[in-house]
Every structure is written in structure tokens, then in C-alpha cells.
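> Throw the hints in and build the complete structure from the sequences for me.
Chains as they are written, first to last, in the working numbering: chain A, 1 to 233; chain B, 1 to 233.
No lab work stands behind these hints, which were simulated from the structure alone.
Computed from a prediction, not measured in an experiment: that's the story for all the values here.
Just so it is clear, CB atoms sit at the ideal spot from N, CA and C, and this is done for glycine as well.
Do not take every clue at face value.
DSSO-like cross-link-like pairs, simulated, lysine-lysine; straight-line CA separation at most 30 Å [claimed, not checked]:
1. A/K157 / A/K56
2. A/K232 / A/K56
3. A/K200 / B/K56
4. B/K200 / A/K56
5. B/K179 / B/K157
6. B/K232 / B/K56
Some chain B residues judged to face chain A by a derived CB distance under 7 Å, without partners named [claimed, not checked]:
7. P59
8. A64
9. I66
Number of protein chains: 2
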Amino acid sequence: MALEDTALSEQDFLAALRGLSHRYWGAHPFHHRLHDGSLSEHELRMWAANRWYYQKMLPQKDAAIISNCPVPEIRRQWLDRIVYHDGRHEGDGGAEKWLRLCEAVGLHREEVLDERHLAPGVRFAVDAYVSFARTQPWVAAVASGLTEMFSGHLMRKRVSDMLAHYDWIRQDDLSYFTKRIDAVSGEGEATLDIVLRYSKTREQQQAAIDALSFKCDVLWSMLDAIERAGQKL
Amino acid sequence: MALEDTALSEQDFLAALRGLSHRYWGAHPFHHRLHDGSLSEHELRMWAANRWYYQKMLPQKDAAIISNCPVPEIRRQWLDRIVYHDGRHEGDGGAEKWLRLCEAVGLHREEVLDERHLAPGVRFAVDAYVSFARTQPWVAAVASGLTEMFSGHLMRKRVSDMLAHYDWIRQDDLSYFTKRIDAVSGEGEATLDIVLRYSKTREQQQAAIDALSFKCDVLWSMLDAIERAGQKL
Numbered sequence: 001m002a003l004e005d006t007a008l009s010e011q012d013f014l015a016a017l018r019g020l021s022h023r024y025w026g027a028h029p030f031h032h033r034l035h036d037g038s039l040s041e042h043e044l045r046m047w048a049a050n051r052w053y054y055q056k057m058l059p060q061k062d063a064a065i066i067s068n069c070p071v072p073e074i075r076r077q078w079l080d081r082i083v084y085h086d087g088r089h090e091g092d093g094g095a096e097k098w099l100r101l102c103e104a105v106g107l108h109r110e111e112v113l114d115e116r117h118l119a120p121g122v123r124f125a126v127d128a129y130v131s132f133a134r135t136q137p138w139v140a141a142v143a144s145g146l147t148e149m150f151s152g153h154l155m156r157k158r159v160s161d162m163l164a165h166y167d168w169i170r171q172d173d174l175s176y177f178t179k180r181i182d183a184v185s186g187e188g189e190a191t192l193d194i195v196l197r198y199s200k201t202r203e204q205q206q207a208a209i210d211a212l213s214f215k216c217d218v219l220w221s222m223l224d225a226i227e228r229a230g231q232k233l
Numbered sequence: 001m002a003l004e005d006t007a008l009s010e011q012d013f014l015a016a017l018r019g020l021s022h023r024y025w026g027a028h029p030f031h032h033r034l035h036d037g038s039l040s041e042h043e044l045r046m047w048a049a050n051r052w053y054y055q056k057m058l059p060q061k062d063a064a065i066i067s068n069c070p071v072p073e074i075r076r077q078w079l080d081r082i083v084y085h086d087g088r089h090e091g092d093g094g095a096e097k098w099l100r101l102c103e104a105v106g107l108h109r110e111e112v113l114d115e116r117h118l119a120p121g122v123r124f125a126v127d128a129y130v131s132f133a134r135t136q137p138w139v140a141a142v143a144s145g146l147t148e149m150f151s152g153h154l155m156r157k158r159v160s161d162m163l164a165h166y167d168w169i170r171q172d173d174l175s176y177f178t179k180r181i182d183a184v185s186g187e188g189e190a191t192l193d194i195v196l197r198y199s200k201t202r203e204q205q206q207a208a209i210d211a212l213s214f215k216c217d218v219l220w221s222m223l224d225a226i227e228r229a230g231q232k233l
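Okay, here's the thing in C-alpha cells:
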């Protein structure tokens, strides 16, 4: 029987996607240390400076999805993500909020923007993600964003844990996360809805599962490289 | 002396760009016939149905530019183009206005959307344009949009000429053009401003000139193919 004939039920497809949650970077040892307060100030800075590159590239990743998507309705919906990260005006948006977090942990804006602390492994992982969005079918690229299903819980925990353990960090410094928690409060429901609607055959479902698995690898690799960068002084 | 050392003055650079105006599709024989009222109804339909493919792909072309552009300010500015064509809601936007024009010249919406009338040469030209935006440096892709410098005059003339010569076409049917005239009323000034700002070396200037020349070829080829499609019944 061809793969197309044996599509998973929606329930099984969902279970396969959700079953990847243990590979989400919430489980990475570095994130555990971030949350339990055992990172050094240097490690915290390397984390913020390196993750900047990921934040910075998100609008370009999202535009690649729009560029590949022939469905106006989805394009209209996805456009909000670019606006979310870039903001409507200078000094607005998620990227700016990340820069403020960088400053809160003791980095100068210039040393973040000039990427002097950027670990090659982080750059490779993020570039792989952008390249995936540019070259893969748009539904797979959308599916790679399903890590949102796992991120709401992690970010809520992050805000309380970081405030509890790093006493020089104020609630305001974490506005990237508090704002983002609202944005993903549906636990990726809108994204999931698109993936379910456009993944009907077994092959399409597998492509979505593979895409989410790939994205987990991207995020995990970033933290591997960030962990190593934090060990160097 | 290396090319970089001999950058054109802004005036000469502008003159080189404007000097391509005779290659703009305003000069194509098919457009002359469109304007003087000598197209048959069939030719008019083939024109509208084929150009639909160009209109339809514009948001994906513009998203490719955003995907390749590392400058948030430019991305924010360029985003408006996607919104312009896709609209904020279903039934809104430039693409929808083009479909209404198709209906006004006697086509059913389905025969436009299923692309049954689409000439291969039109598809190839438009796909080349989208591919250019995806694969070339973003400034070159922006420069390819400088045909806007030439389009305002042509569109104003089109509205009056079409209303004068095709008596079954009403002003409302041409809202794509009347709305677009407003959008390009600055004669491509905002686009030109970006190109001037980011084309400082002779090589960058030449890339911009080449991009505009390429775009003229794209549009001209479309009309060549449309002209031939209109001759067949």
C-alpha cells in the first residue's frame, strides 16, 4: 500500500507531533542551568548575544514562507509574524525587546549587533533554519514553527525562574518573554490548524513531523554551541 | 582603475536608469493597440487573463525581497507592498481588483484562477522575475521595481484611453489602475531612494541598472507572449 493511502488519523498525527516535545530545547541541560540560577554572568551574556542571531533572522525566515506560499489567506496571516518581530516602527517589536534583554544582562548593544560573540555553531543552525524555510515546501516550513506548541510553558517558567534567581534582572527586562507568552498563548493553535489543513496524505504528515524534528535539532544545536561559548572567556 | 573607484555621480546614475524608459512595456506594440482601442474582445481577455499571473505572483516576489533583506527599516517599508496586493482581508487588495477587471472584460473568475489561458511565455517571464528576487541581492531586486518610474504616466493614459475606446468598460472596472496610480504617484521615489542609498560603488550601480533592464525584458516578453496568445482562438 502506498504511503498516501495510510494517512494517520488527526489524533495520531497530533500525537506524533506532540511526541517530539522531549526533543524541544526546554529539556537541554543549558536551559536547566538557566532556570535554576546556576549560569555565570558571562554565560548569561553569551546566551543572550548568541540567541540574538536567531531573533534577528526570524523576520527573514517568515518572509521566505510567505514568498513560497501561494495561498493569500495564509500569507495575510503569516505577515503578522514579521510585524511582530520587526515592529511597526523603529524601536518597536520583538527583536528590539531581545536587545533590551541583552543590555539588562550587561552587554552593550554594539557588541550584540556586530555579532562578535556569535558562535559559528549558532550561525550554522540558524542559517540552516532560514535555508529550510527558503527551499522546502511552505507547509513544512510552517510545521517547523510548531515548537510553539511546547514554548508557552517554558517561557512562563523562564520569567519566574529568572526573576527568582538573577536578582539584577527586572520584570521589564524580560518583556520579550512576557509579550511572547501572549503571542503563543494558543500553544501554536493557529500554526497547527494550518498544518492539519494542508497535511492530508501520509507523506505530507511525515514531512510535517520531520520538519518539527528538524527544528528541534536547530534549537538544540544552538544551545550546544552557546553552552560551549559560555565556557570560554 | 577598478570599477569601484569610478562610481557615477547621482545625476549620471539616475540618467542611466531613466534612460531605460524606451524599453518599458509602455512602448510595446500590443500596449499601443490596447490604448488605441484596436484590440478584439478576445485579445483583451487574453491580456487580462495572462497578466493575472503577474499580479498573483507579486506578493511572493515582494516577500522574497524581505526574506533577503537584513535591514529592518526596509523590511517594514516593503511589507506594505504585500498588504497592497493581498489586501488586509479576503476580497480586498490589488489582486482582487485585477480579477474584477478580468470579469469586466468577459472572463469567468474560474478560468482566470485555473490559468487555462496562461501562455507558457508569460509564466516563464514571471517566474524568472520571482526567481530573480529570490536569488539576487535584495538591492538588485528592489531596483528591478524601478519600472514604477515609468508606470504612472502609462496608467493614467490607460484609464482614459480604455474608457474612451472600449465602451463596455466602466471606470469602476479599472479600479486596479486608478488605485495603483495613487500608489506610484511618487514615480517610484521611495524605491529610487533605497536604490540610491544602497548603490554607492560603480558595481552596485551597474547591478541596479542591469536589474531594471532585466525587468523591462520580463514585462516586454510577457506582452510578446500575450500578443501571440491573443492571435489564437
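> Evaluate each hint against the coordinates.
Outcome of the hint check:
no. : hint            : in the structure
1   : A/K157 / A/K56  : holds, 23 Å
2   : A/K232 / A/K56  : holds, 24 Å
3   : A/K200 / B/K56  : holds, 25 Å
4   : B/K200 / A/K56  : holds, 25 Å
5   : B/K179 / B/K157 : holds, 14 Å
6   : B/K232 / B/K56  : holds, 24 Å
7   : P59             : holds, 6 Å
8   : A64             : holds, 4 Å
9   : I66             : holds, 4 Å
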